[in-house]
Structures are given as C-alpha cells and as structure tokens.
Amino acid sequence: MSSKFSERLRSARELRGLSQSQLAEKSGLQPSAISHFEQDRRSPSFDNLRRLANALTVTTDYLLGRTDDPTLCGPTSDTLFKHAEKLSSADLDMLTRLAETFANKNQPSQEVKKK
Amino acid sequence: MSKKMAGEFAAAEAERLIEEWGLTSLPIDPFEIAKKHEIQVMAKPPEAVGVSGFLTKIGDTFIIGHASNIRNDGFIRFTVSHELGHYFLPEHPMRLFPNGNGIHLSRSGFISDDISEVEADHFAAALLMPESLFREAMSSAGEGFPAIETLSRQCKTSITATAIQYAKFADDPVAIIVSSGKIVEYCFMSGALECVKGIEWIKKGSLLPRRCETVGFNQNAENIARTESVEAWSKLDDWFDGAPSLDVREDVVGLGTYGKTLTVLFTDGVMEEADGQEFDDD
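Protein chains in written order, with the working numbering: chain A, 1 to 115; chain B, 116 to 397.
Hints are computed from structural coordinates only; laboratory data are not their basis. The C-beta atom is built at its ideal place from N, Cα and C for all residues, glycine as well. Be careful, since some hints might not be right.
[Unchecked claim] Every beta carbon over 10 Å from chain B, so not counted as near; a handful from chain A, in silico:
| id | residue |
| --- | --- |
| 1 | G17 |
| 2 | S21 |
| 3 | E25 |
| 4 | E38 |
| 5 | R50 |
| 6 | A53 |
| 7 | T59 |
| 8 | T60 |
| 9 | A90 |
| 10 | M94 |
[Stated by the list, open to error] Calculated cross-link-like contacts (lysine to aspartate or glutamate; reagent style DMTMM-like; alpha-carbon spacing at most 20 Å):
| id | chain 1 | residue 1 | chain 2 | residue 2 |
| --- | --- | --- | --- | --- |
| 11 | A | K26 | B | E123 |
| 12 | B | K283 | B | E123 |
| 13 | A | K26 | B | E135 |
[Stated by the list, open to error] What follows is a set of in silico ranges between Cβ atoms, one per label pair, in the way DEER data are often shown:
| id | chain 1 | residue 1 | chain 2 | residue 2 | range |
| --- | --- | --- | --- | --- | --- |
| 14 | A | S21 | B | R131 | 17 to 25 Å |
| 15 | B | G296 | A | D68 | 52 to 60 Å |
| 16 | B | I298 | A | R97 | 34 to 42 Å |
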C-alpha cells in the first residue's frame, strides 16, 4: 500500500509537471515531506493525502492505489469506529445510508470529469 | 513503537498543529477545526446507542460521527477530537485500512492496546488541553479536585479527561483512578507520586482498597447515575502498596451515563513526608 502511494504520488506530480518544491507550495506541505513520501520513508495522514490530491487534481483513492483512474474514487467507503465492540445495527444502517447518499451525489460529477 | 512513545508523538503532533493554526486561548473548539478542514460532523440520534464515534471516508469526503446518547459535552468534544486525530496523524490511512477497502474495526480508550487508538486519544487530550495553555490555566486554578473542576470548565472537557491531563502536568502528588463496582479500570499517577520511593502502581483490574470512600460510593448505583460527589480522606498506603502512610484527600464523583466513578487522590505534602520517612529509615 505504502509503496503504491509513493509511486502514484511521484507519477501524478510528474504528470502535472511539478517539482517537489512546487507541489509542496501548492499543497501547503514541506518540500522535505514530499521527498520522504516519494521515497517511502514516511506515510501520510488523511489531511496530507487530501492536500496532495487537491494540488494534483486527482482523488485520494487514486493516490492510495484503490482506483486506476485519477479522477475516480474507490468503490467503498472506509470507516473507523471508536468502541467498535458497541457497533449496533443502527450504526451500520446509518453508515450504509451515508455511503449511498454520497455515492449518488458524487456519481454525476465523476462522470463529468470522465468526459 | 511503545504505547508511551506513540502517545507522546501524537500529543506533540497536536501541539504542533495548535501552534500552526495560531490557537492561543482556551477552549479549543474541535467542531471549528473540523469545519475549517471541510470535515463534516454529525450527531447520531440520542436514541441510537452503539459506537461513540467514527471517521468515515467516502471518496474525498470525510465525515465524523459522534454519539449523543451520553449527555456530556466534554465527552462529545473528546470523541470528535479523537476522530480528528485519525485524520491528522501520519500513517493512520495505511494502518487503519491496510487492505485498501472495507470497514476497519478498532477498539479505543486509554485501556486499548491498539496503537492507533492510543495515538488518537493522546492527540485528543493534547488538542483540547495543549500543554502551554493548560499549564498557564493551572497556575491560577488552585489545586486538587477544585482545580480540576475549574480547568474542566475552561477547557470544556470532561472531568475525567481533565483530571488525567492535570495529573500529567501537576507538580504535586496526584492519582486519578477510574473504577467500576469494586474494580479499578485504570489509574494515572503524577510524576511526583511516581517518585515516591517504593510505591507500586495500581494495576488495571485490581480491587479497590477496602478502606476508602470510593468502595462505599460505588455500592449505590444512584450515586453514579446522579453524578453525586463526595469529599473524604484516606490513607495513601491503603491505595498503593509500598507508599508511606499519609492522609490524602479523596474526591469521588459519579460519571453519570458513562457508568463509572472517578476518584482523585491529592496531597501537597507527600514528597516532604516521604523524604522525611526515608531519612528516618536511614
């Protein structure tokens, strides 16, 4: 997973014709952080991923290697639970509804991007 | 990385972000932080019990959900801050979703062994009670349990989370014990108490001392449900094996819907007495 991210980050940056410094400036991250990510020495936070994805006009799922299309999101939602031992069916229902809502909301815009 | 190191790393990261964002006064508002970073925060209906919080990534949209059945603003703010920890801490995307998709289940709380959950808890505590601002507030908050109550109001944090942070930075001997029935769930000691020669930690799962106010308090569930509180005195060596026999203030408070009890042991004289005993023994 991590090496996939490193590869994707480097290739997306080169595709956009940006140097590491330019990407750092555009994403609000330190140039050294970009270098560490590309060399697989450090692993990003979700906030880092989002900044990088925005700066490179790709999705976080593309950077994570979950989809091969830079403009598309992966097919699933990811959820981290606190106190998972208390996970109820009501929680699962709510999350399923959330995912469906956002999937429907995102679908047209993704299709537009594909065009 | 050990749990202790992971916790210190996460707290340092929260402190770094507080500085980067230019937040210089208490209380810190996790809802505002989420809003600024375009993270949606939603409350579960009060009747929906289940998980206390979650972070969901749907495409490039991030959503924090929190329970509202526990009627405690501090608990909710801590839960949201915990989830912000998962969002802002490095390595969490790779650690939490190692298979690239699906739902990741994890346990949490200070008693968790899951390193990511430990990190998120320490991040939350440091985000809501950053060391520099908290120490500054401590300097004018008094001491012992009344100080913890004052700081809890200032930081808008739960009495338990505030007490733990208080013990972390207190110069005086302080112990924070969370119990349920006759059992100790966990215990935090201030550095000054840890330094008392021969003192032993109260282990998770051990029995409360027979001679203490907390045991009697816990026998009546109404005390906990109604968030009753009691001020008492007990002996330090009743609580800690190897400790000198000194009177300590024992403040006990029921934690309401959380269903547990918080005990704060405090004295400003243990170190001197302990040193004195050590001298006498020699």
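Now the hints, each set against the structure:
1. G17: A:G17 clear of chain B: closest Cβ-Cβ about 23 Å, beyond 10 Å.
2. S21: Given a closest Cβ separation of 20 Å, the condition holds.
3. E25: holds, 16 Å
4. E38: holds, 15 Å
5. R50: Label violated. Min Cβ-Cβ 7 Å, cutoff 10 Å.
6. A53: A:A53 not clear of chain B: closest Cβ-Cβ about 6 Å, inside 10 Å.
7. T59: violated, 6 Å
8. T60: violated, 5 Å
9. A90: At roughly 5 Å from the nearest Cβ of chain B, A:A90 sits no farther out than 10 Å, so the non-interface label is violated.
10. M94: violated, 7 Å
11. A:K26 / B:E123: Roughly 30 Å between the alpha carbons, so the hint for A:K26 and B:E123 is violated.
12. B:K283 / B:E123: Status holds; Cα separation ~12 Å.
13. A:K26 / B:E135: holds, 17 Å
14. A:S21 / B:R131: 17 to 25 Å: Given range 17 to 25 Å: holds, Cβ gap about 22 Å.
15. B:G296 / A:D68: 52 to 60 Å: For A:D68 against B:G296, whose Cβ atoms are near 55 Å apart, the range 52 to 60 Å holds.
16. B:I298 / A:R97: 34 to 42 Å: Holds - the Cβ-Cβ distance for B:I298 and A:R97, about 39 Å, lies within 34 to 42 Å.
Violated hints, listed in ascending order, are 5, 6, 7, 8, 9, 10, 11; each of the other numbered hints is respected by the structure.
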